[in-house]
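Use these hints to put chains B, C and D with the ligands onto chain A, whose structure you have.
Residue numbers (our numbering), protein chains in the order written: chain A, 1 to 211; chain B, 1 to 211; chain C, 1 to 129; chain D, 1 to 129.
Hints are computed from structural coordinates only; laboratory data are not their basis. Using N, Cα and C, we set each Cβ at its ideal position, and we do this for glycine too.
Distance condition first, Cα-Cα at most 25 Å in a straight line; then the derived DSS-like pairs of lysine-lysine: (1) A:Lys129 - D:Lys91; (2) B:Lys142 - B:Lys152; (3) B:Lys52 - B:Lys142; (4) C:Lys91 - B:Lys129; (5) A:Lys172 - A:Lys129; (6) A:Lys142 - A:Lys129.
Simulated restraints on C-beta separations: (7) D:Glu61 - C:His90: 52 to 60 Å; (8) B:Glu156 - C:Glu61: 52 to 60 Å; (9) C:Asp56 - B:Ala64: 19 to 27 Å; (10) C:Glu61 - A:Gly209: 54 to 62 Å; (11) B:Asp109 - C:Gly112: 53 to 61 Å; (12) A:Asp146 - C:Asp29: 39 to 47 Å.
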Amino acid sequence: MSPGTLDKTGTMDKVDLKTLISATADTIAAHADELTALDQAIGDGDHGLNMKRGFEAVRAEAEAFAAKPLPEALKAIGTKLVMTVGGASGPLFGTLFMALGKGISAEPDHANLEAAFGKAIEAVAARGKSQVGQKTMLDVLKPVHDAVLQGKTGAEIADVADNAAAATVPMKALRGRASFLGDRSIGHMDAGGRSVALLVRAVVESIEGQA
Amino acid sequence: MSPGTLDKTGTMDKVDLKTLISATADTIAAHADELTALDQAIGDGDHGLNMKRGFEAVRAEAEAFAAKPLPEALKAIGTKLVMTVGGASGPLFGTLFMALGKGISAEPDHANLEAAFGKAIEAVAARGKSQVGQKTMLDVLKPVHDAVLQGKTGAEIADVADNAAAATVPMKALRGRASFLGDRSIGHMDAGGRSVALLVRAVVESIEGQA
Amino acid sequence: MSNVGIVIVSHSPLVAEGTADMVRQMVGDEVPLAWCGGNGHGGLGTNVEAIMGAIDKAWSEAGVAILVDLGGAETNSEMAVEMIGEPRAHKIIVCNAPIVEGAVMAATEASGGASLREVVATAHELSPS
Amino acid sequence: MSNVGIVIVSHSPLVAEGTADMVRQMVGDEVPLAWCGGNGHGGLGTNVEAIMGAIDKAWSEAGVAILVDLGGAETNSEMAVEMIGEPRAHKIIVCNAPIVEGAVMAATEASGGASLREVVATAHELSPS
Ligand SMILES: Nc1ncnc2c1ncn2[C@@H]1O[C@H](COP(=O)(O)OP(=O)(O)O)[C@@H](O)[C@H]1O
Ligand SMILES: Nc1ncnc2c1ncn2[C@@H]1O[C@H](COP(=O)(O)OP(=O)(O)O)[C@@H](O)[C@H]1O
Ligand SMILES: [Mg+2]
Ligand SMILES: [Mg+2]
Ligand SMILES: [Mg+2]
Ligand SMILES: [Mg+2]
Chain A
1 MSPGTLDKTG TMDKVDLKTL ISATADTIAA HADELTALDQ AIGDGDHGLN
51 MKRGFEAVRA EAEAFAAKPL PEALKAIGTK LVMTVGGASG PLFGTLFMAL
101 GKGISAEPDH ANLEAAFGKA IEAVAARGKS QVGQKTMLDV LKPVHDAVLQ
151 GKTGAEIADV ADNAAAATVP MKALRGRASF LGDRSIGHMD AGGRSVALLV
201 RAVVESIEGQ A
Chain B
1 MSPGTLDKTG TMDKVDLKTL ISATADTIAA HADELTALDQ AIGDGDHGLN
51 MKRGFEAVRA EAEAFAAKPL PEALKAIGTK LVMTVGGASG PLFGTLFMAL
101 GKGISAEPDH ANLEAAFGKA IEAVAARGKS QVGQKTMLDV LKPVHDAVLQ
151 GKTGAEIADV ADNAAAATVP MKALRGRASF LGDRSIGHMD AGGRSVALLV
201 RAVVESIEGQ A
Chain C
1 MSNVGIVIVS HSPLVAEGTA DMVRQMVGDE VPLAWCGGNG HGGLGTNVEA
51 IMGAIDKAWS EAGVAILVDL GGAETNSEMA VEMIGEPRAH KIIVCNAPIV
101 EGAVMAATEA SGGASLREVV ATAHELSPS
Chain D
1 MSNVGIVIVS HSPLVAEGTA DMVRQMVGDE VPLAWCGGNG HGGLGTNVEA
51 IMGAIDKAWS EAGVAILVDL GGAETNSEMA VEMIGEPRAH KIIVCNAPIV
101 EGAVMAATEA SGGASLREVV ATAHELSPS
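Next up, chain A with everything else stripped away, as it sits in the complex (with noise of 0.2 Å):
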C-alpha cells in the first residue's frame, strides 16, 4: 500500500501531523466567512469565527501536539478546541477528537480507526444529545464514518461529506439554535456540518497528498 493512504486492509502509516493541522486550519481560516454567513441564517453568526479562533489556537501549538503519540495528540487538540472555540461547536469536535484520541491506537490500522472514529461519533451525540437526522454536525459525521467502514477513497469520502452538507439543506434542526426557527431552518446548510465537510476534505487531500 502507499504510505498514508486509509487502505482498508493495512495499517495506516504515519501521517505528518503538522501538516494535518495546518490543513485543518488553512480550510476553516478560508472558508471563515462562509461559516459564519451560514450559521448568520439559522443561528448567531459565530460559527467561522468560533471555529477559527479553535483550529489557529491548535496550529499555534502543532509542533508539540506532533511530538506526542496519535492518540495523546488527538486528545490534546480536543482539549484545545474546548478551551478555545467558545460555542457549542468546541465542545462537540473538542469531544470528537478528544474520544478519537482515546480510542485510536500509536500506529492505527484500519479497523482501529473505523472503531475509534464509531466511538467518537457516539460520543459527540452524547455530548450533544442529538443524533443523526435533527441537522447538526452528525448529519456529516456519520455519512463519513460509512463511507470509511465501505472502504471508499479519500477522495470519494470527501464527495460524502460534502453531498451529506448539502444534504442538511432540506432538514428541519432539531438541535443547536437553528431549532429555535422551526420550519424557517428549513432550506438552509448546516454550518457544523459544512465544517465537518471542510475538515474532512482537508484530512485525505492532506493524506493522499503525502502519499
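Positioned in the frame of chain A, the structure of chains B, C and D with the ligands alone reads:
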C-alpha cells in the same frame, strides 16, 4: 359629630390632605430601616427604600396634590407611587390609591369610603393576582376594611392593622419574593403588611389629631 | 417595521442589556427591540416610566411582547401597559416566560413575521405553568 | 461554607453579572456564588476554562448547581464538569432551568441549607420539561 373623624353615620369632614401626606411620609421615613430589615429576612431587602422613595416623592408635591379635589388627588398620588417606588409594592400601593380615587366622592361619607376602600382592595388583589392568606399587604388591608365596615374608631382600626400585620408572622408566603423561601417564610412579618399598618395608624392619628 | 416588537424588563440593567445583545445576535435589526432595568435610582428594581419608554421605542403595529424576570417586573409591566391604555394596550402582552430564554425565542419567532399571539405562545412554551 | 454553591454561565457577561447581583440581593453572602460569561475574546459565548474557574470559586463540599442560558452554555458547562472530573464532578449539576429565575430560586433554596438535590429540583420546577 366632630370634624375629621371616621364617624359611621355622618359625612366625613374635609381633612387636610397636606397633613395626611406628611404624616404618612413621616412614618415611612421613620420606619424605613425596619421595613427594609423585614424585607431582608424573606425578600430582597429594598422595601423600606422603595416606600421611602415613593412617599418622599409624594411629599415633594403635596401642595399640588392637596389643591386637587380628593378623587383626583388620590389618583395622582397613586400614579406618583407607581412611578417612583420601583418594587412590586409600587404598582400595588399605587393601584390602591388610584382605585380609591376612582371610587371616592369629592366629599365622601362613611358609606362611600367603605365602598371605595373595598373596591380599592379588590383592585390590589387583581393587580397582584393575590388573595387574603398569602402573607401580603392584603392580609392587613382586608381586616382594616372589615374594621371600617364595623364602624370601629380610628384607634381601634389602627390596632386591628397592627394585629393583622403581626398575624402575617406565622403565615407561609404564597406571593411575592418571600414565596421563594417556601416554609422558611414562616416566622417573619410581611414587610408590605407592616407598611399598611404604619400608614393606617398615621392616617387615623392624623385625622383624629385634626378633630 | 411590521414584525412584533420585543421589550426586555429586568430588575437588573445588566441582565436587560445583555439579553438584548443576545437577541440582536440572533435576529439583527429585524425586530424592534428595547430594554430597561433598575429602579431608576441606581438600584435593582423596575421602573414603570422606563417600561413605558421601552414600549414606545419597540412599538410595532403588530404588537409588543414584554419579557420580565421576577414578580415586581411583571406587576410594573402590567401597570405600564394599563397606563399606556387603549388602543395600544391590547396589542401589548406581558409574557409568562423566562426573561433571557424567552426573549431570544420570542425575538427569533418575531423575526419570521409571526403574529403577536404566535410570538407569545413560543415564549410561553418555555414556562411550566 | 456548607451551603450549596451557585454558578451562573451565560453567553453574555452582562447577563451573568446582573443575575449574580440579583442573587446577592436575595441571599447576601450565605451562598458561594460565581459567574462567567462571554467567549473569552470579547464576544458572546461561553468558555470552558472560565466555567471551570467559576466552579472552583463557588466550590462547596455540599455541591454546586450551575445555571446556564442557551445550548452552548449547557454543553460547555457539561464539558467543564467532565474536565474537572471525579471526585468533584458528581457533586456538580448543570440545571435544566432558566438562568435568571433559576439562579435566584436555586440560591434562595441553597441559602436555607438545602441539599444539592433539593436546590436542583427547585430550579427544575421552573422548566417545562
Ligand atoms: N446539540 C448538538 N448536537 C450536535 N451538534 C450540534 C448541537 N448543537 C449545535 N451543534 C452543531 O454546532 C453548530 C453551531 O456551532 P457554533 O455556531 O459554533 O455554536 P453556537 O450554536 O453555540 O453558536 C451547528 O451548526 C451544529 O452543527
Ligand atoms: N402579588 C402580590 N400581591 C400582593 N402583595 C404583594 C405581591 N407581591 C408583593 N407584595 C407585597 O409587596 C411587598 C414587597 O414589596 P417590595 O419589597 O417593595 O417589592 P419587591 O418584592 O419587588 O422587592 C411584600 O411584603 C408584599 O406585602
Ligand atoms: Mg453559532
Ligand atoms: Mg454562539
Ligand atoms: Mg423587596
Ligand atoms: Mg425589589
